[in-house]
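Peer 1: This is what each chain is made of:
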Amino acid sequence: MPEAAASPIHSPMKHQFETLAQQHHADTLGMWVFLGTEVLFFGGLITAYVLYRTAYSAAFAHASLTLDIVSGTIMTVVLLGSSLTMAMAVHAAHLGNRRALAVFLILTIVLGLGFLGIKGHEYYQKWEDHHIPGPSFVWDGPDARAAQLFLYFYFALTGLHALHMIIGAGIMGVLLLQNALGRVRTYTVEVSGLYWHFVDIVWIFLFPLLYLVDRHK
Amino acid sequence: MPSTSTYYKIFALLMILAFATTGIAFIDLGIFNPIVAMLIAVTKATLVVLFFMHVRYQGRLTFVFAIAGFCWLLILLLLISTDYLTRAWLPIPGAIPPMGF
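Chains as they are written, first to last, in my numbering: chain A, 1 to 217; chain B, 218 to 318.
No lab work stands behind these hints, which were simulated from the structure alone. A couple of the hints might just be wrong.
Examples of chain A residues lying across from chain B (beta carbon under 10 Å, computed) [said to hold, decoys possible]:
1) Leu29
2) Ile46
3) Ala48
4) Thr54
5) Gly72
6) Thr73
7) Thr76
8) Gly81
9) His91
10) Phe198
11) Phe205
12) Leu209
13) Tyr211
Coverage of chain B stretches by chain A, computed from C-beta distances (three or more under 8 Å per stretch; other residues unrestricted) [claimed, not checked]:
14) 232-240
15) 245-258
16) 269-281
17) 284-292
If you're wondering where the values come from, they're calculated on a predicted model, not measured in any experiment. Every residue gets a Cβ at the ideal spot worked out from N, C-alpha and C, and that includes glycine.
Kindly produce the complete structure, drawing on both the sequences and the hints.
Peer 2: Here it is as structure tokens:
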């Protein structure tokens, strides 16, 4: 990897570090510690979901079939695509290629917002179908309460994930601005990339857990 | 750091796995449906962590930090399962039903 001093993307060393490499290592580890807490943050909710799905498997399978598998698959493709553009953005940052960095950051934001757009459309369909948990929840079929519980989990899990996506898109916007001003640090892009990929990984698990419960029936 | 061609290859693999998981969901494998779906998800996550998140190209300390959250999650899942999934095994008079509302 090129030393940041030789790169147009500058990376000033903070005084508490002895070398730039040590600072980069600390940056990376710090982000991984945060992601570890995020694993448990989502993990607790997913654990609760898995347990209730075991307890009410028939109702959860029925409720899962109301989710749109086509939009779910498209969202997966869009998000994996954004992970590719993010990886390319980090690559561009390491090479000091500001123009490529800007292009890939914009692509990442566009794909991220595309994901949120499809998600929003899905939420709108749920609203139209009266599948939002609460007083206006309507369910024709058995086990209405368990089906409502599934939808509680659906909105909590995807909502929390969407919130992370919004924050991620915001971070990319800040990086884009810093890049335009020529002040972006390579390792800021690197650790922001770690965050973005993590949010992608959360969706990798949410998609089969929520959308693919019992499709074969 | 990996080359861009590595990123494209990993992305292609991820795409194949994404469509595979959707496709396999429509085939009746009985109890293996959720197991296969989770195996594919873990494979995809591993590819992202190793290549997109550069864990493969960094020191062992980064690897330990990256795997730590996952290990704690396994402990969480395992210990909670020993409670909830075994409650129905022994009939205990007056016991609370496993997952009542």
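Peer 1: What hint numbers does the structure not satisfy?
Peer 2: none
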